[in-house]
Structures are given as C-alpha cells and as structure tokens.
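Q: Sequence:
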Amino acid sequence: MTVTDAVAALSAPLAPLDETVASLGRDPGLVAWWGTGVPVSGPAHPVDDGWVLLEVGDATMLRNRVTRQDLYRTGVSTLRRTLAGLLLDDLGLAPTWAAEVILPRADEDRLTAWMRAHLRLTVTVREDRKLLLEPVRDAMAPGLRGDREPARSALARFDAAAGERPVRDPSVPFRRP
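Residue numbers (our numbering): 131 to 307.
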C-alpha cells in the first residue's frame, strides 16, 4: 500500500465514534482524528461536511491507542493534552501536577465527553505504519500536528495552566490526584 492508499483509507466516510472504536482490533496501523466545533483550522473531510482533520498518528495496537490513550488520559496522549490546552476555558479544565501535568479525574471525564461528541476517527491497518506516518502526515496536513502551531501553543498553555512544578517531599508517598 502506498501513501496515496493510506490517505484514501483515512479519508473514508466518517462513522459514529463508538462504532469505529468497537470495530478496532489489536492490529498496527494509522489513525486520523477528525473534529467539528474545534477551534482549529485543518483540511476539510472530503465527504463529510463540517469535519476537519486534527491529527494523524500511528499505533502498535489500534484499540489500545484509542481506548487506553486518546480517549482515556492526558498523561499518555498528546492529542488529549493539545485539546485540553485549546479547551481549558470552554470546559473549565484545571491541569495539575503529578509525575507530569495531568487532569483530575472529573476533568478527564469532561474532556472525554467533549471528544465523544465532537470527534470522529478513521483508521487503516498497516504493518508499515512507522514508514508511512510522516509522508501521510505531510500529505494530509492535519491542523494539530504536534510539531507545529497551533498544537505547540496549546501544549504550552496546558502545561502553564498547572503552574510551577511543586517540589516533592520524598517522605510523602506519591498519590495521583
């Protein structure tokens, strides 16, 4: 499969997010996140009006990438941290420090609910995902590419909202907020 084939697969018509998530397996591949109502400009979906491409990523196991990272915790998902940085005020999010900047559980739940309402996902099973990731990203030009604006500013805003990193007292055991 070529870059063109991967782009075509990731540009397929959008299904409801829960349907797509339910169909994911343990295969490696590429994921494309599409959003509506997101304060980001990106390429429009070729079939479904009102949806823009937010991010393209790769996964060792598609189901784990989506359910245990992107739709689960900000500590393990750049997409979530970026969206949280963009939506801090709109969703009333309050990042805090643990081992890294994270969201308290109630804020994680609020962000997940927002994502389920405003995002869609397309995937393609690809053994050669690592080789194709950058050429596919270049071809599709997602609006929240992590190494470019506005993603970099959103990530910085998310981290800054947590304030200064506290000095940890080694005599107190670590507990996740």
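Keep in mind that the hints were calculated from the coordinates and are not lab data.
Hints may be right or wrong, so weigh each one.
Pairs of lysine to aspartate or glutamate residues, derived as DMTMM-like cross-links and limited to a Cα-Cα distance of at most 20 Å, are as follows [as the list claims (entries may be wrong)]: (1) K260 / D157; (2) K260 / E238; (3) K260 / D179; (4) K260 / D135.
Q: So, against the hints stated earlier in the document, which numbers end up violated here?
A: Going through the list in order, the structure violates hints 2, 3 and respects the others.
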